Each structure stands twice: as C-alpha cells, then as structure tokens.
Amino acid sequence: MGRALTVIHALGLMLVVFSAAYLIPLVSSFIYGDGNMLLDFLLAMVWTASAGFLMWLLTRRYKGELSIRHGYLLVVTMWTAMPAFATIPLLLMIPGLSFTDAYFETMSGITTTGATVLSGLDTLSPPLNIWRHELNWLGGLGIIVLAVAVLPLLGIGGRQLFKAETPGPMKDSALTPRIADTARNLWVVYVGITLACILSLNWAGMSWLDAVCHAFSTMGLGGFSTHDASVGYYNSPSIEAVMIVFMLMAVVNFATHFLALRERNLKPYWRDAEAVASIGLILISCLGIAFFLWWNEVYPVFWTALRHASFNVISIATSSGYASVDYAQWPIFAPMWMMFLACIAASSGSSGGGIKMMRTLVLVKQAGREFLLLLHPSAINPMKIGGQVVPNKIVFAVLGFIFLYFMTIATLTFVLLISGMDFITGFSAVLACVNNFGPGLGAVGPSSNYQSLTDFQTWVCTFGMLVGRLEIFTVLILFTPRFWQR
Amino acid sequence: MKILILGAGQVGSTVAESLVGEANDITVVDSDANKLRQLQDRLDLRTLAGNAAHPSVLERAGIADTDMLLAVTQSDEVNLVACKLAASLYNTPTRIARIRSTEYLNRDEVFSADNFCVNFSICPEQILTEYIAKLVEFPEALQVQSFSQGKASLVAVRAFEGGPLVGKPLSFLRTHMPQVETRVAAIFRQDRPITPEGTTVIEEGDEIFFIAASDNIRSVLLEMRRMDKPAKRVMIVGGGNIGRRLAMTLERDYQVKLIEYNKKSCERLAGELKNTLVLNGDGTDEKLMQQEHVDEVDVFCALTNDDENNIMSALLAKQGGARKVIALINRGAYVDLLQGGRIDIVLSPAHVTIGSLLAYVRQGDVAAVHSLRRGAAEALELVVHGDRQSSRVVGRRINEIDLPKGATIGALVRGGKVIIAHHDTSIESGDHVIVFVVNKAMVNKVERLFQVAVGFF
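So the sequences go chain by chain: A and B. The opening residue of the first sequence carries number 0 in numbering that gives the first Met the number 0; numbering runs sequentially from there. The opening residue of the second sequence carries number 0 in numbering that gives the first Met the number 0; numbering runs sequentially from there.
Do not take every clue at face value.
Claimed, not checked - Lysine to aspartate or glutamate pairs mimicking DMTMM-like chemistry, simulated, CA-CA at most 20 Å apart:
1) A:Lys392 / B:Glu266
2) B:Lys150 / B:Glu295
3) A:Lys364 / B:Glu266
4) B:Lys150 / B:Glu160
5) A:Lys364 / B:Glu271
6) B:Lys263 / B:Asp284
7) B:Lys273 / A:Glu369
8) B:Lys228 / B:Glu160
9) B:Lys133 / B:Glu250
10) B:Lys231 / B:Glu160
11) B:Lys317 / B:Glu295
12) B:Lys231 / B:Asp294
13) A:Lys383 / B:Glu108
14) A:Lys383 / B:Glu266
15) B:Lys286 / B:Asp297
16) A:Lys383 / B:Glu271
17) B:Lys273 / B:Asp252
18) B:Lys262 / A:Glu369
Think of the hints as simulated: they come from the structure by calculation, not from any bench. Small disclaimer: the values here were computed from a predicted structure and weren't measured.
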C-alpha cells in the first residue's frame with residue numbers, strides 16, 4: 000500500500016503542475032472576451048489543482064524516493080488521470096457529450112493520436128479548440144518530461160520516469176549530467192521550434208488562432224485540426240509546405256535538435272543514423288507514391304500528385320494524421336503503405352508513435368546478422384547503428400517489444416471484430432490508435448471520424464492509444480503479477 | 000654517445016643490441032630485473048631495475064649527462080612522463096618516445112616543447128603495419144621500403160622464371176624498358192652478395208634489391224618475375240595491436256577476414272572495424288580456414304604474439320592454398336631457420352622497426368635507415384651538406400666518390416624529384432642520397448664519408 004501512496008503523492012504534485020496548462024485557454028478566453036468560457040476553464044483548473052493538492056497533502060507521510068516500479072506506476076496513472084481531468088472543460092461546454100467520448104478525445108489529444116469524435120470543429124469555440132491542441136502539444140514531448148524539468152524535488156526518480164515515458168529502445172544517452180537539465184533543454188528546444196512554426200504558419204496565411212492550434216498539433220505530431228476538413232480546408236500549398244517542414248522536424252529525435260543547436264552546425268543530424276533513415280524513407284516514399292498516383296491516373300498532373308502525396312504521406316508516416324484530400328479513395332496500396340510507414344518511421348525521442356525507426360533498424364540489421372552467421376558460423380558480428388555497437392540486451396528487448404506490439408495489434412483487432420466492426424475499419428482503427436496517427440480507413444477514414452463507434456469500441460481504441468504512446472511495456476508491466484510482488 | 004633506454008621489451012632490447020655494436024654507452028632501465036639480467040648476460044651495457052618514470056631512478060641511471068633518451072616502455076604514459084622529466088629537470092638534448100595510442104599520435108601538440116617535450120615519437124606497430132600493407136599492395140615483393148616521404152622505394156624481389164630479365168645481363172634492363180629508370184642496388188645469390196655490374200646475369204632464385212621512383216615499382220617488378228593478379232582477399236590471424244591496425248588500413252581496399260582466438264577481443268574488434276569480417280577461432284584450425292576459403296586468399300598474415308602459432312598457421316595456410324603467406328616471428332633463431340622455406344615472408348618486428356630509431360641515433364644528417372636482410376645489410380637516406388671544400392661528396396660525380404666496396408648509391412632525391420644514380424650523376428648540397436650497404440660493418444665508413452668536415456662550422 001505504501002508504494003501506491005508514494006505514487007499518489009507524486010501524482011498529486013504533477014496534477015497541480017498539469018493544472019497550469021489551463022492558463023493558455025484561460026488567457027485565450029480572456030482575449031475572446033468570453034466570460035462563460037473563462038469561468039468554465041477556471042473551474043476546471045481549480046478542480047484539477049485542488050484534487051492534486053489534496054492527494055499530495057493527504058499522502059504527505061509517504062513521500063519518498065521513486066524507484067523503478069514507482070516510475071512505471073506513476074507514468075501510467077498520470078497518463079490515465081490527465082485525460083480524465085482534461086475532459087472537464089469539454090463536458091462543461093459541449094452539451095450532450097458523454098464521458099466516454101470526452102475521454103477518447105482528450106486521450107487522443109494527449110497521446111498525439113489526433114483521432115476525434117467531435118464534428119463541427121469549425122464552430123467549436125476558439126478556447127476549447129486551443130485546449131484540444133494544447134493537449135496534443137503537451138503529450139508530444141511528454142508531460143512527465145516537463146514535470147521532471149520543472150520539479151527538481153522528484154530527485155533520482157526523475158531519471159526512471161523519464162525512461163518510462165520517452166519512446167525508443169535506448170534511453171541512456173543523457174545530454175547533460177543532470178536529468179532535470181536534459182528535460183529542461185528538450186522543452187526549450189520544443190518550445191522554440193513551436194514558436195517558429197506558429198510564425199511560419201501565420202506567414203503562410205493562417206489566422207493567428209489557427210496558426211497556434213496547428214503549430215501545437217504539428218509539433219506534437221498529433222493531427223488535431225480546427226476544421227472538419229482538416230488541412231484540406233485551406234487548399235494552400237504554402238501552408239502544406241510549412242507543415243511538411245515542421246512535421247519532418249518533429250519526427251527527428253529532439254535530442255538531435257538540441258545537439259545541433261549546441262554545436263551550431265548540421266552534423267548531428269547526419270550522425271543520427273535514425274534521423275537519416277527515417278527522413279530518407281519518408282521522402283523516397285513520397286516520390287514513389289506520387290509516381291504511383293500519377294501512373295494510376297488519380298491525378299493527371301505529376302506535380303499535383305506530388306503535392307498531395309507529399310503532404311498526406313508525411314502526415315501519416317510521421318504519425319500526425321492530417322489529411323488534405325480523402326486519401327482513402329486512392330488505390331489501396333497508397334494508404335496501406337502510408338500506414339505501414341506510420342508503424343516504423345518515427346525516431347525515438349521524437350513526438351511520433353509506432354515501433355520507431357531505431358527498432359526497425361535493429362530488426363533489419365538483426366536479419367542481416369542471421370544471414371552472415373549462416374555463411375560464416377564463426378563470425379563475430381556485433382550490431383552497429385551509426386558506428387555504435389548495440390548491445391545484445393537491447394536487441395532482445397527490441398525483439399520482445401515487437402512481439403508484444405504485434406500481439407497488441409492482433410488482440411485489439413480481434414476484440415473490435417468481436418464487437419461487430421468490419422475488418423478494414425477495425426484493423427485500421429487499431430493501427431491508427433496504437434501508432435498514434437489518428438485516421439484509419441473505412442468508417443474511421445480521413446473523411447469521417449470515430450463518432451460512429453460504440454462506447455465499448457471507443458474504450459478499446461482509447462486503451463490502444465495509451466498502450467501505443469507508452470510503448471506497451473510500461474503499461475503491460477502493471478498487469479504482470481511480479482510487478483506487485485515484493 | 001651516452002644513451003639511456005627505458006624499457007627492456009622487444010623494442011628496447013633490439014635497439015640496445017644494435018646500438019651496442021656501434022660503440023655507444025648504453026644504460027637500460029626496466030622494472031623487471033629478470034629481463035635486465037638476461038640482457039646484461041648477452042650485451043655489454045649497464046642495467047638498472049626501477050620505475051622508468053621516477054626521477055630518482057632516472058638520476059641513478061645517469062640521465063644528467065645522457066645525450067639521448069629512448070623511452071620505449073610498454074606504457075605510453077610512462078614514456079611521455081619520462082620525456083617530460085628529462086627535458087625539464089635534466090636538459091637531455093634528444094628525447095624519443097614510443098607512443099602506441101592514436102589518441103596521442105593524432106595530436107601533435109601533445110609532443111610539443113610546451114607539453115611533453117618529445118622530439119620524436121615512434122610507433123612500432125604503425126611502422127610494422129605500413130610495412131605489411133606495402134607487401135599486400137605488391138604481393139610479389141619480399142620487401143618494400145620507402146625513402147623521402149615515399150617518393151623513392153627500395154624493393155626486394157626474388158627472380159622467377161617468366162620475368163623478361165631472368166637469364167639476361169642487367170644492361171638488358173636499359174634497352175628493354177628505356178622509359179623506366181631504375182637501379183639494381185644489390186643481388187644476393189644463395190645468401191651471398193654480388194656486386195651488380197652491367198654484365199651480371201640474373202639467375203632464377205636471385206634476391207634482387209632495386210631502387211626506383213615509387214610509381215615505377217610495378218613495371219620493374221614485372222621484369223623480374225611473372226606478375227599475378229593484384230591481391231584482393233586478405234586473411235589476418237591475430238587481432239592484437241598489429242592485426243587490428245592492419246585490418247583498419249586494409250579494410251577499405253581489400254576483403255579482409257580477421258581470425259582472433261579471444262571472444263572478448265573479437266567483440267571489441269568487430270565494434271571498431273567497419274568492413275572486416277571478424278571470426279572467432281583458432282588460427283591453426285584448418286577446418287576454420289577451409290570454411291573461410293583459405294584457398295582463395297591472396298595474402299595471409301599470421302600476426303599473433305606467439306611465434307610457434309604464427310609458423311603453424313602460416314604453414315597450414317600455404318598448404319591450404321593461400322597465395323602468399325607472411326608470418327610474424329620474434330625469435331631471431333626462427334627467423335633464420337624459416338627464411339627461404341615454405342613461408343614466403345618471415346617478418347621480424349624488431350628488425351622492421353629498428354631502422355626508424357636508428358635514423359635518430361646515427362651521426363650526420365640521416366633521414367631514414369632501413370635494416371635489410373635481418374640486420375645484415377642496411378639502406379640509408381643521407382642528406383648532403385657543405386660544399387666542394389668541406390664535403391667529400393658535394394660537387395663530385397658518383398664514380399669519383401670513394402665509397403667502400405659493397406656500398407652503392409642507388410638514387411638521389413633532389414627538390415622532390417627522384418634521380419636514379421648513374422656513374423656520371425653529380426651530387427649537390429641538399430640532395431638526399433640513398434645508399435645501399437651490403438654489410439652493416441661499413442655503415443660507419445659511409446656515414447663519415449658523407450659528414451661535413453669540422454672546418455665547415
């Protein structure tokens with residue numbers, strides 16, 4: 000019991016920090032002069048903060064260092080509690096919204112999935128839209144990374160939390176000696192690039208409100224939009240181009256951005272084998288799919304094909320999930336390949352989802368190793384990525400992860416099939432949720448949304464998003480008996 | 000000259016042995032008293048047991064009036080500290096350190112007068128690696144040594160049937176290849192030197208030393224023996240310092256396989272090397288060799304620390320069909336025993352590396368020394384100074400110079416250009432003269448000949 004209370008103590012503190020996130024919608028409702036909204040957001044903020052404060056106060060006696068186990072428990076409870084508290088403004092302001100749908104929406108926001116159950120986004124009040132997009136943005140780099148950055152009192156435990164939340168197989172490469180400094184630096188980089196994105200989007204023709212919202216969801220690789228028609232609403236090549244650039248930036252490990260800024264040159268990008276592989280794969284896919292579409296006469300002009308292929312492929316492959324056209328109408332190869340990319344293309348330490356390019360590289364190289372061993376049984380052939388040797392321990396961890404990943408996808412798909420969903424919708428919805436890219440195919444395709452799902456199906460998808468964002472192990476470990484044994 | 004040698008390992012004892020013969024006062028310091036006793040039993044020198052980086056030990060070894068310090072212990076750090084101490088506490092004029100780690104070698108400032116005060120650094124492993132790499136590049140040659148930053152080369156090759164020159168007098172070379180300049184510096188027939196004349200007829204099995212501009216090596220080699228295809232596949236046994244460096248040097252241009260016994264080292268090597276296939280196994284395991292197609296290997300190098308293992312794996316590789324096999328042998332007795340046998344090239348690390356040290360020790364301005372034929376012969380690169388009055392060579396034609404019998408001037412390097420020596424070539428001040436000396440006993444005489452008379456200063 001003591002362990003749970005220690006975690007609740009830290010959780011309370013984090014909720015208090017999280018409540019500060021209401022400041023942005025508060026300020027925006029002040030700007031829009033909407034008194035009711037201001038009150039609703041204030042209420043949500045007070046409820047969240049006081050709930051957190053109470054948790055913290057009542058469990059004061061159990062304050063202690065967070066161990067590895069505490070870390071997993073805290074991260075998972077935090078990632079379930081945050082979206083729950085974040086539903087308050089939605090429930091207050093949108094009449095008739097069920098908690099299930101609200102929770103799906105906020106979970107989709109904070110896990111940067113970008114799937115939505117809401118329609119009529121264009122008429123949603125601006126502060127509420129900002130709140131949805133802010134969740135995207137906060138979830139992108141990780142709310143706990145933020146907490147580690149601003150809460151020095153987490154102490155040593157911070158490193159464990161950091162590891163439990165940050166995606167990717169290798170997390171020991173600390174950029175600075177202190178984990179709090181590392182977290183702070185990552186957030187500084189993140190905020191900096193986001194500001195650049197807001198300015199660029201405004202310059203490209205968006206209103207300030209849309210620019211802020213889209214910058215939030217672009218950097219978090221979330222995919223929320225202020226319009227039902229997503230980015231297709233603008234039909235503007237320059238906006239698409241700006242978003243392409245920033246999505247590609249967000250799909251690279253933020254630690255690499257940090258190194259590049261610190262060294263003031265572009266070499267770190269080139270040294271980061273993962274970034275090279277993922278951007279290379281994405282760009283080649285854009286060209287390939289553009290050619291494919293042009294060849295199949297979906298678009299008569301190659302440049303049009305290239306424009307639509309680039310934006311939609313990059314949007315899905317980076318796990319954002321915007322759409323500028325209804326790509327579900329393209330020949331099935333194209334959307335399938337885009338979803339395949341979404342599974343593998345994002346870098347570890349970026350805000351994208353899926354298996355991560357690092358794990359993909361590990362798997363590809365492992366396959367190569369097996370071939371070499373068949374030919375030269377005595378060969379010693381350690382796995383090297385970017386000139387660095389990857390220990391076997393990590394290779395095994397990756398293999399284990401991949402197994403769990405596919406099992407999760409298969410299991411959740413079966414569950415949806417049992418609930419009566421058709422295969423294409425079910426499979427693509429699970430892929431879209433677990434890989435955090437948002438729109439699927441069929442009934443959940445880019446031209447529609449998740450509104451048509453039953454409550455049960457919505458909860459399954461919600462669970463899929465959580466499991467995908469926290470990279471499976473972190474969540475599933477709580478379900479192992481050994482975790483709870485002393 | 001008073002010389003202090005720190006470290007009585009392979010390098011230290013070979014240097015000591017070589018320098019004792021040249022009338023120097025030598026003191027050797029090492030922490031292992033046993034090694035020192037063995038050395039003292041054999042050679043006429045003084046020894047002292049103790050830590051070579053301690054001032055008290057250096058003082059007892061007489062560093063105060065030492066002319067030259069050779070820090071050649073196993074440890075880079077001890078060598079660096081000893082040089083620093085010698086410079087700042089005792090004003091030793093010349094300080095030479097053996098440095099293995101590329102971490103230091105890649106940063107010249109480490110050795111500067113402000114830091115560790117090392118006049119010259121040598122890396123025996125690097126020298127040996129370059130030596131073997133040359134042999135891989137020219138698989139037909141027995142030895143390739145370079146002078147003047149690689150502009151001129153001295154190449155040893157065994158004459159085989161099929162070479163156009165075999166069975167013909169040397170003067171035929173001029174008429175057969177008028178565009179390529181070369182000079183045959185020495186011929187060894189059944190291990191006995193023959194002074195090469197225009198009328199000397201090359202026989203099969205002769206060991207021929209010739210000097211040529213480095214670009215011309217291949218065409219000259221072609222005259223002496225039938226050429227094979229250039230080497231492509233290299234197999235190395237032993238992933239120690241030399242094997243690792245060699246693999247690193249060769250892996251870009253050749254297909255390299257490296258066999259190492261120790262699994263831990265294998266993993267480390269495989270991490271460091273990019274294109275080399277690292278194999279875990281015994282270098283004398285013929286099954287492994289067959290599995291890895293030793294019969295298609297062009298150059299096989301046995302480079303472990305163990306002489307016997309190197310011999311056995313080289314013999315097995317030759318038996319298995321490797322085209323050319325090279326074995327690294329430390330024991331002098333073995334080297335003599337194996338020379339000219341089934342192993343194509345027997346390398347004695349001490350003899351390969353000693354030259355670079357000797358160049359610093361010699362009197363006069365010596366740019367390079369290469370020890371040949373296991374130390375019996377020598378090739379020197381001497382820099383000529385002075386004028387017609389003060390020097391006995393400047394302004395004279397080569398046939399006017401009073402060289403001892405058995406010494407030949409092979410080539411000159413003047414202003415970066417290689418000039419092959421003829422009897423009427425005259426020598427100028429500033430020339431680098433490459434002299435081949437058949438018998439080491441004559442080295443002193445040659446050096447004195449090239450020195451500037453005292454009046455010059």
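Right, here's what the structure says about each hint:
1. A:Lys392 / B:Glu266: Status holds; Cα separation ~14 Å.
2. B:Lys150 / B:Glu295: The given pair, whose Cα atoms are some 33 Å apart, is violated under the 20 Å limit.
3. A:Lys364 / B:Glu266: Distance ~16 Å between A:Lys364 and B:Glu266 Cα, so the pair holds.
4. B:Lys150 / B:Glu160: Violated. B:Lys150 to B:Glu160 sits at ~29 Å, over the 20 Å cutoff.
5. A:Lys364 / B:Glu271: holds (17 Å)
6. B:Lys263 / B:Asp284: holds (19 Å)
7. B:Lys273 / A:Glu369: holds (18 Å)
8. B:Lys228 / B:Glu160: Status holds; Cα separation ~17 Å.
9. B:Lys133 / B:Glu250: Since the Cα atoms of B:Lys133 and B:Glu250 sit roughly 14 Å apart, the hinted pair holds (cutoff 20 Å).
10. B:Lys231 / B:Glu160: violated (24 Å)
11. B:Lys317 / B:Glu295: holds (11 Å)
12. B:Lys231 / B:Asp294: Within the cut-off at roughly 13 Å; holds.
13. A:Lys383 / B:Glu108: violated (33 Å)
14. A:Lys383 / B:Glu266: holds (11 Å)
15. B:Lys286 / B:Asp297: Cα-Cα ~18 Å, so holds.
16. A:Lys383 / B:Glu271: It holds: about 10 Å lies between the C-alpha atoms, which stays within 20 Å.
17. B:Lys273 / B:Asp252: At roughly 12 Å apart (the allowed maximum being 20 Å), B:Asp252 and B:Lys273 satisfy the hint.
18. B:Lys262 / A:Glu369: holds (18 Å)
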